[in-house]
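Starting from the structure of chain Y, add chains L, S and X where the hints point.
Protein chains in written order, with the working numbering: chain Y, 1 to 111; chain L, 1 to 111; chain S, 1 to 111; chain X, 1 to 111.
Keep in mind that the hints were calculated from the coordinates and are not lab data.
On a predicted model such as this, the values are computed, not experimentally measured, just so you know.
For every residue, glycine included, the Cβ atom is placed at its ideal position computed from N, Cα and C.
Heads up, some of the hints might be wrong.
As the list claims (entries may be wrong) - Quick list of simulated restraints, FRET-style, between CB atoms:
| no. | chain 1 | residue 1 | chain 2 | residue 2 | range |
| --- | --- | --- | --- | --- | --- |
| 1 | S | Val78 | Y | Asp44 | 28 to 36 Å |
| 2 | X | Gln72 | Y | Ala107 | 32 to 40 Å |
| 3 | Y | Glu102 | S | Ser111 | 44 to 52 Å |
| 4 | L | Arg33 | X | Lys98 | 21 to 29 Å |
| 5 | L | Gln72 | Y | Lys106 | 21 to 29 Å |
| 6 | Y | Arg33 | X | Asp96 | 45 to 53 Å |
As the list claims (entries may be wrong) - For lysine to any residue, the following SDA-like pairs were computed, each having C-alpha atoms within a straight-line distance of at most 25 Å:
| no. | chain 1 | residue 1 | chain 2 | residue 2 |
| --- | --- | --- | --- | --- |
| 7 | S | Lys83 | X | Ile108 |
| 8 | Y | Lys110 | L | Val41 |
| 9 | L | Lys98 | L | Gly109 |
| 10 | Y | Lys36 | L | Ser103 |
Claimed, not checked - Facing chain Y, a subset of chain X residues (Cβ under 10 Å, in silico):
| no. | residue |
| --- | --- |
| 11 | Thr25 |
| 12 | Gly28 |
| 13 | Ala29 |
| 14 | Ser30 |
| 15 | Lys83 |
| 16 | Arg84 |
| 17 | Tyr86 |
| 18 | Asp88 |
Listed here are the chains, written in short residue letters.
4 protein chains.
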Amino acid sequence: MGKEQLIIKDKEQTVIIAEFAIFPTSEGASVSRFVKEAVRVIEDSGLKSVTGGMSTVIEAPDLASLFRVIGQTDEALVKMGAKRIYVDLRIDHRLDKKATIESKLKAIGKS
Amino acid sequence: MGKEQLIIKDKEQTVIIAEFAIFPTSEGASVSRFVKEAVRVIEDSGLKSVTGGMSTVIEAPDLASLFRVIGQTDEALVKMGAKRIYVDLRIDHRLDKKATIESKLKAIGKS
Amino acid sequence: MGKEQLIIKDKEQTVIIAEFAIFPTSEGASVSRFVKEAVRVIEDSGLKSVTGGMSTVIEAPDLASLFRVIGQTDEALVKMGAKRIYVDLRIDHRLDKKATIESKLKAIGKS
Amino acid sequence: MGKEQLIIKDKEQTVIIAEFAIFPTSEGASVSRFVKEAVRVIEDSGLKSVTGGMSTVIEAPDLASLFRVIGQTDEALVKMGAKRIYVDLRIDHRLDKKATIESKLKAIGKS
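Pulled out of the complex, with its shape left as it was, chain Y reads as follows:
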């Protein structure tokens, strides 16, 4: 199954939209090489994501899928030698209707 199909499948099942940032606080002021690697790991996961100036928004079919990719970004930063890592996460778990990044932006006139 191709990457495009995976994304379509995920979008149909989406119940979780999360906003997520991870960065080391131990490696000096410039940490873009770590953030770049974390974004690469998120994009390789097959989950739909949009990276902005402060974080990445992720659509996931369930919490387990979201936590798996967050764990993988943390592992990636550990492998790169980060000695202290900060994770900042917000989750919007909606049960009353299927929501996506696109449907949320549309609801506020932003798509």
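Using the frame of chain Y, we list chains L, S and X on its own:
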């Protein structure tokens, strides 16, 4: 002075990039009318902003400018009748170089 | 193995300190019955935790243990009928030394 | 007016409870001297506060009072030489009743 000029001026002075969400927790599951109004207030402030699926990223020349617009969004939600309001804010205050949303995205290969 | 022993074991292995809040945004302004249940789930997990006015601080031996208990609090709120759930999480993952809630407070003169 | 009176006055008027962390990401893994100074600034403000393992919870009569003290902690870290500062803030603004840290903890059986 036009809006475009204001934005250019702000970008030159930018030292603060913030990510900000505000929503009522008292008004039921659907709160897009409140979020829409908060985004309108942010955009009317003249500060550069980008709204995503979970929050709005704002460039501000200083903390006072940022807190002013956050206060205005809170006032707007109070006027709309929200009985309990949640604010979620992260600030990246960089003193070693002028950073913008664009420069941050460029640093991770995303602009 | 008793609960006390479990806690001691966890503290020895602690590499993760997290701060975590979960609440419905769909159930009106008063949500203490949901928060109370989430705190009960955290305390039943065997992980050391301290609940404050806005969130609960948790010590975990690894990310998987932390994510397991967060997933359980989310499930608990779903079972209680919450239609939209918000999760707010920060993680401090330290690899340079074993940190605990107590050691962090001691370092800033607060224990 | 003494400090104790100020605190009592603030508690009567409290509508804002906030959870706040500030730390440099540019100064290496150990930042307790910066956090200690930020906590000192908060405590000198006269606002009621409780410092935990990951953040400080503050009671404020209004947003302006809260933002003033956050601005002061940021200034303090700049003076100490921090080159990049991260601020993490959540605000619970309640209009349906006067809430305090104590009343929130009591509502979930934790005071």
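Now the hints, each set against the structure:
| no. | hint | verdict |
| --- | --- | --- |
| 1 | Val78(S) to Asp44(Y): 28 to 36 Å | holds (29 Å) |
| 2 | Gln72(X) to Ala107(Y): 32 to 40 Å | holds (38 Å) |
| 3 | Glu102(Y) to Ser111(S): 44 to 52 Å | holds (48 Å) |
| 4 | Arg33(L) to Lys98(X): 21 to 29 Å | holds (27 Å) |
| 5 | Gln72(L) to Lys106(Y): 21 to 29 Å | holds (25 Å) |
| 6 | Arg33(Y) to Asp96(X): 45 to 53 Å | holds (47 Å) |
| 7 | Lys83(S) to Ile108(X) | holds (21 Å) |
| 8 | Lys110(Y) to Val41(L) | holds (14 Å) |
| 9 | Lys98(L) to Gly109(L) | holds (18 Å) |
| 10 | Lys36(Y) to Ser103(L) | holds (13 Å) |
| 11 | Thr25 | holds (4 Å) |
| 12 | Gly28 | holds (6 Å) |
| 13 | Ala29 | holds (4 Å) |
| 14 | Ser30 | holds (9 Å) |
| 15 | Lys83 | holds (5 Å) |
| 16 | Arg84 | holds (4 Å) |
| 17 | Tyr86 | holds (8 Å) |
| 18 | Asp88 | holds (7 Å) |
Of the numbered hints listed earlier, not one is contradicted by the structure.
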